[in-house]
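As you go down the protein sequences, you meet chains A and B in turn.
The first sequence begins at 1 in the working numbering and counts up one residue at a time.
The second sequence begins at 1 in the working numbering and counts up one residue at a time.
Don't read these hints as lab results, they were simulated from the structure.
The structure displayed is predicted, hence computed values, not measured ones.
Here a beta-carbon is modelled for each residue, glycine too, at the ideal position from N, C-alpha and C.
No false leads were mixed into what you were given.
Here are some chain B residues the structure puts well away from chain A; computed CB gaps all over 10 Å:
| id | residue |
| --- | --- |
| 1 | G16 |
| 2 | I112 |
| 3 | D464 |
Here are the computed distance ranges between Cβ atoms for each label pair:
| id | chain 1 | residue 1 | chain 2 | residue 2 | range |
| --- | --- | --- | --- | --- | --- |
| 4 | A | W197 | B | K30 | 54 to 64 Å |
| 5 | A | I322 | B | P241 | 54 to 64 Å |
| 6 | A | K254 | B | G43 | 20 to 30 Å |
According to the in silico footprint, chain A covers these stretches of chain B (three or more CB under 8 Å from chain A):
| id | stretch |
| --- | --- |
| 7 | 281 to 292 |
| 8 | 316 to 326 |
Chain by chain, the residues:
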Amino acid sequence: MRGRPNLYVSYEEEQRILPTMTQRVSMTFLVLVALSVPFKVIPGIKFLGDPSWLQILGLTFIFLIGALGLNILTGLAGQVSLGHAFFMGVGAYTAAVLGGEATNAVYGFGLPIWVTLPAAGLVAAGIGILVAPTAVRVRGLYLAIVTLGLVFIGQHIFRSWNSVAGVPELGRDWGEFQFALWSSDGPALALQSDGDWFGIAMLGEGKAYLFLLVLAIGFTLLAKNLARTRIGRSFAAVRDRDIAAEVMGVNEVKAKTQAFAISSFYAGVAGALYGYFLGSVQLETWNLFFSVTFVAIILIGGAGTTAGVVMGTVFVETLPRIVENTTDFLEVQVEEGGWLAPIADFIIRTEGADFGLLSTVENGPGLSVSQMNGLLFGLLIAVFLIFEPLGLYGIWLRIRNYWKGWPFTY
Amino acid sequence: MTATMDRPDAMASGSGFPTVASRVRDWADKLPDQVAMREKDYGVWQEYTWSRLWDLVVDAAHGLLALGVDEGDVVSIHSEDRPEWIILDLATVAIRGITTGLYPTNPMAEVIYLVNDSGAKLHLAEDQEQVDKVLDAGADAFPTVTRILYVEPRGVRSYDDERLMYWNDFMEVGRQHRAAHPGEIDRRMAEATPEDVITLVYTSGTTGPPKGAMLTNSNSAFAIDNIVMNGERIRGGAPGPHDLILTYLPLCHVAERIFSTWHMAGAGTVLNFAESIETVQVNLREIQPTLFFAVPRIWEKIHATALIKLQDATPIKRVFGRIGMWLANTVGKERIANGGNHSTKSRIAYAIGNPLFFRPLKERIGLRRCRWAGTGAAAIAPEVLEFFMGLGVPVYELYGMTENSAVATINFDGRVKLGTVGEPYPGIGFRIDEETGEIQTKHPGVFAGYWNKPDKTAETFTPDGWLMTGDVGEWVDGTHVKIVDRIKHIIITSGGKNISPSEIENSLKASPYVKEAMVIGDGRKFITALIGIELDTVGNWALRNKIPYTTYRDLSEKPEVIELIQKVVNETNEKFARVEQIKKFRMIPKELDHEDGELTATQKLKRSAMKDMFEELVEGMY
Numbered sequence: 001m002r003g004r005p006n007l008y009v010s011y012e013e014e015q016r017i018l019p020t021m022t023q024r025v026s027m028t029f030l031v032l033v034a035l036s037v038p039f040k041v042i043p044g045i046k047f048l049g050d051p052s053w054l055q056i057l058g059l060t061f062i063f064l065i066g067a068l069g070l071n072i073l074t075g076l077a078g079q080v081s082l083g084h085a086f087f088m089g090v091g092a093y094t095a096a097v098l099g100g101e102a103t104n105a106v107y108g109f110g111l112p113i114w115v116t117l118p119a120a121g122l123v124a125a126g127i128g129i130l131v132a133p134t135a136v137r138v139r140g141l142y143l144a145i146v147t148l149g150l151v152f153i154g155q156h157i158f159r160s161w162n163s164v165a166g167v168p169e170l171g172r173d174w175g176e177f178q179f180a181l182w183s184s185d186g187p188a189l190a191l192q193s194d195g196d197w198f199g200i201a202m203l204g205e206g207k208a209y210l211f212l213l214v215l216a217i218g219f220t221l222l223a224k225n226l227a228r229t230r231i232g233r234s235f236a237a238v239r240d241r242d243i244a245a246e247v248m249g250v251n252e253v254k255a256k257t258q259a260f261a262i263s264s265f266y267a268g269v270a271g272a273l274y275g276y277f278l279g280s281v282q283l284e285t286w287n288l289f290f291s292v293t294f295v296a297i298i299l300i301g302g303a304g305t306t307a308g309v310v311m312g313t314v315f316v317e318t319l320p321r322i323v324e325n326t327t328d329f330l331e332v333q334v335e336e337g338g339w340l341a342p343i344a345d346f347i348i349r350t351e352g353a354d355f356g357l358l359s360t361v362e363n364g365p366g367l368s369v370s371q372m373n374g375l376l377f378g379l380l381i382a383v384f385l386i387f388e389p390l391g392l393y394g395i396w397l398r399i400r401n402y403w404k405g406w407p408f409t410y
Numbered sequence: 001m002t003a004t005m006d007r008p009d010a011m012a013s014g015s016g017f018p019t020v021a022s023r024v025r026d027w028a029d030k031l032p033d034q035v036a037m038r039e040k041d042y043g044v045w046q047e048y049t050w051s052r053l054w055d056l057v058v059d060a061a062h063g064l065l066a067l068g069v070d071e072g073d074v075v076s077i078h079s080e081d082r083p084e085w086i087i088l089d090l091a092t093v094a095i096r097g098i099t100t101g102l103y104p105t106n107p108m109a110e111v112i113y114l115v116n117d118s119g120a121k122l123h124l125a126e127d128q129e130q131v132d133k134v135l136d137a138g139a140d141a142f143p144t145v146t147r148i149l150y151v152e153p154r155g156v157r158s159y160d161d162e163r164l165m166y167w168n169d170f171m172e173v174g175r176q177h178r179a180a181h182p183g184e185i186d187r188r189m190a191e192a193t194p195e196d197v198i199t200l201v202y203t204s205g206t207t208g209p210p211k212g213a214m215l216t217n218s219n220s221a222f223a224i225d226n227i228v229m230n231g232e233r234i235r236g237g238a239p240g241p242h243d244l245i246l247t248y249l250p251l252c253h254v255a256e257r258i259f260s261t262w263h264m265a266g267a268g269t270v271l272n273f274a275e276s277i278e279t280v281q282v283n284l285r286e287i288q289p290t291l292f293f294a295v296p297r298i299w300e301k302i303h304a305t306a307l308i309k310l311q312d313a314t315p316i317k318r319v320f321g322r323i324g325m326w327l328a329n330t331v332g333k334e335r336i337a338n339g340g341n342h343s344t345k346s347r348i349a350y351a352i353g354n355p356l357f358f359r360p361l362k363e364r365i366g367l368r369r370c371r372w373a374g375t376g377a378a379a380i381a382p383e384v385l386e387f388f389m390g391l392g393v394p395v396y397e398l399y400g401m402t403e404n405s406a407v408a409t410i411n412f413d414g415r416v417k418l419g420t421v422g423e424p425y426p427g428i429g430f431r432i433d434e435e436t437g438e439i440q441t442k443h444p445g446v447f448a449g450y451w452n453k454p455d456k457t458a459e460t461f462t463p464d465g466w467l468m469t470g471d472v473g474e475w476v477d478g479t480h481v482k483i484v485d486r487i488k489h490i491i492i493t494s495g496g497k498n499i500s501p502s503e504i505e506n507s508l509k510a511s512p513y514v515k516e517a518m519v520i521g522d523g524r525k526f527i528t529a530l531i532g533i534e535l536d537t538v539g540n541w542a543l544r545n546k547i548p549y550t551t552y553r554d555l556s557e558k559p560e561v562i563e564l565i566q567k568v569v570n571e572t573n574e575k576f577a578r579v580e581q582i583k584k585f586r587m588i589p590k591e592l593d594h595e596d597g598e599l600t601a602t603q604k605l606k607r608s609a610m611k612d613m614f615e616e617l618v619e620g621m622y
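Start from the sequences and build out the full structure, keeping to the hints where you can.
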């Protein structure tokens, strides 16, 4: 009730995604900010309208959709899976076959994106349903190993099935990243070329960004909503203790199958978008490391929470770029002798004999930027698992509860 | 079917003396779709609109008629506070019957006494626990009771007693009767007279068996006019339909009856039923009532809990907590010196303290939106009132008793005097007997007598027709009244000195560590006391001082705890003259309880029972 935030007179009210006015206003503001990123609204900020940032953020949204899927399976339903990359691969190649152009080497039907995206999700979901029964038999680590197997089986299939995935060394092309009503029509929304939208000049990256933003918001809302439905609650019950869940009347087999299906659907869509967005993807992409990235996202963000997954994705996906930008900045400091030069000199190794943690020259001691990224990544996962199992969301919760509890602690 | 449909125009409201039932009907006409009650069920607050509430009342009233309950018959209700309580109460008044309530904690023996003394024809037992108290007493323990309603079917369905009837079935019977006899209830309500007895409120019985005080329609009308609709007591005017009340004290007590039922009927305030007495603090936070009445025990509990939570907070919060408490004290002292009004100094302190400390604290304890808070039924420690006054939740102490419909004295807004129960309501007959110091009242709120006890009734009136309250009071500054003690409790030591034990006990109980205190000394050489600790606070204190303990008894017998209580006793002794000082004390080895006979249902000490029970402890001190 208004003015009485804890007084709920109906379940609808209690279950609202954004219960308070403050939350609604701040969320609207956040969406408005996200919508304005492709435009140079504030001239001073380089970040706005920068194609390389738009590219990174576009990828972030794709990863977000994938991570939301894994979060449903692992965070919500408690089924540890390392096979996420495989399901993304399935989705990606489904979209490639349906949406790509046929050549004499590969299949291709040239269907528009509104057919291929759902199809990619559905095919992945179908395979997810096939896999689900194993999750009923094995739990925890063993399930992780089983799903790990999927990644290797998948890679073998992709490598061998050349008419679908192309020749291993070359890969294959996905269709144009555009939204057309039918394949013979011209694109209704061209997402890869510059042009005007409603009279506003837009970069191709900007258009793709907005398209992906809308999809990401949609999938986030769906995921958030799922968590508060009967299905979502049955997932949580299975996660917390599957035997207890069955005692309460939750059908374990059904719940786990649903979790796999929904999770794989998300993965399939994300995989397809990944293919479209990059145009061409190497076979090796769908490997274990790709899966681990998603596990890292939900662990760093906060397993089981939608907001945490959003935070985790943004954090993990922009971190490499931030490290890179910082390295560049430090390098400039060393070369031009800025006020940070002494520290920068210590961290950065610019020449062969110089000491430094990070090396910006090829070959030699010290870490390269990408090695540094890998290291940070591993370190973050370990730190979060040990100190903040609820991830970034947990940190936010802690801050929020500190003020919520004011002037008490409990 | 809405409430208005089956009422013939000729019988429109206005005819018949206004009763609590007819007032609710008027609200249903005026605000049919507005919320009248909320009850927390399955985790959310389910709402009842005025029209639905009145509809249910009419159904229930027809149900009573169908079961043969007629005007002048008694209906007894043995239940926690819940909508059915109010519905059955109003339905009974609507057919000109009489309701009486029992405390949920009443043990079987008291149920037998109360139901038979009132001669109830229909008895509502909330759940299996209360039904058992009736059925276990034997088939002919209740000769007058023809029907036993139950609201919670769990565990009762399998019972085989033809008097038992499920609430929903009862309402269905009522609906059928209503269809067959439309307009019957309105016809009966139009016959209501001021002299109709509407309820029997049983006295708590600290000394003898409880007596049923008869309150009439004119009593309730007088209380509604003088207490409920009194705009002078509340800053911002008399209560109305936008005010929220948390109903949690037993409705069979006159205080909660006035504060809930009569407020609802008179002012149209929204009642919110707490889940249980244990969840009051949680429910308070949810409801954030605008009007809140509590007995001193609850205020002291909220106060003590807040202090302990502040002590347990993290360092930064503790620093802010200390600053906040200092500001609250400043504001509290200033306002009390000004009769409850702000001074410039307190206004500044309040402006600083409110966003930093007071507002979040009030939000946490559930009084952020409270515009009137009251305390009564027992004496309260001034420190507690000062604390709440400092927070900006002025708690007004008031005084009254069942026999005068609680119309006696109240602290009006802006004219508060700490340590007094306020001024008499304007225009009522109120005097303090010069010889005995006893408070006496005479006004239309004075009850019609004790049920079936004309001799006892006669004993409570002076020859010139004034009600003797049995409380000793004295005037403060000629306007305010201070309650000294019950006449019967005054101790006369063997030295011939008159001592009021309540003052000493209240001073002891002002400490957060003391829950119960009983001062002894009648006919003795010196004063002693039995003291019971507050388990929560002393337990927390023991934890912080690393004193391990197992049970209540173990904790109260720890030397460190006795030392702690000794300090409290010493502090109290400093405030009193030599003869009034406690020379020795003993710890009460158990938590006092209604069912064990040490307390009344309203948690008052049964002094004689206590003396018998802890005779060894008492004699050990002399």
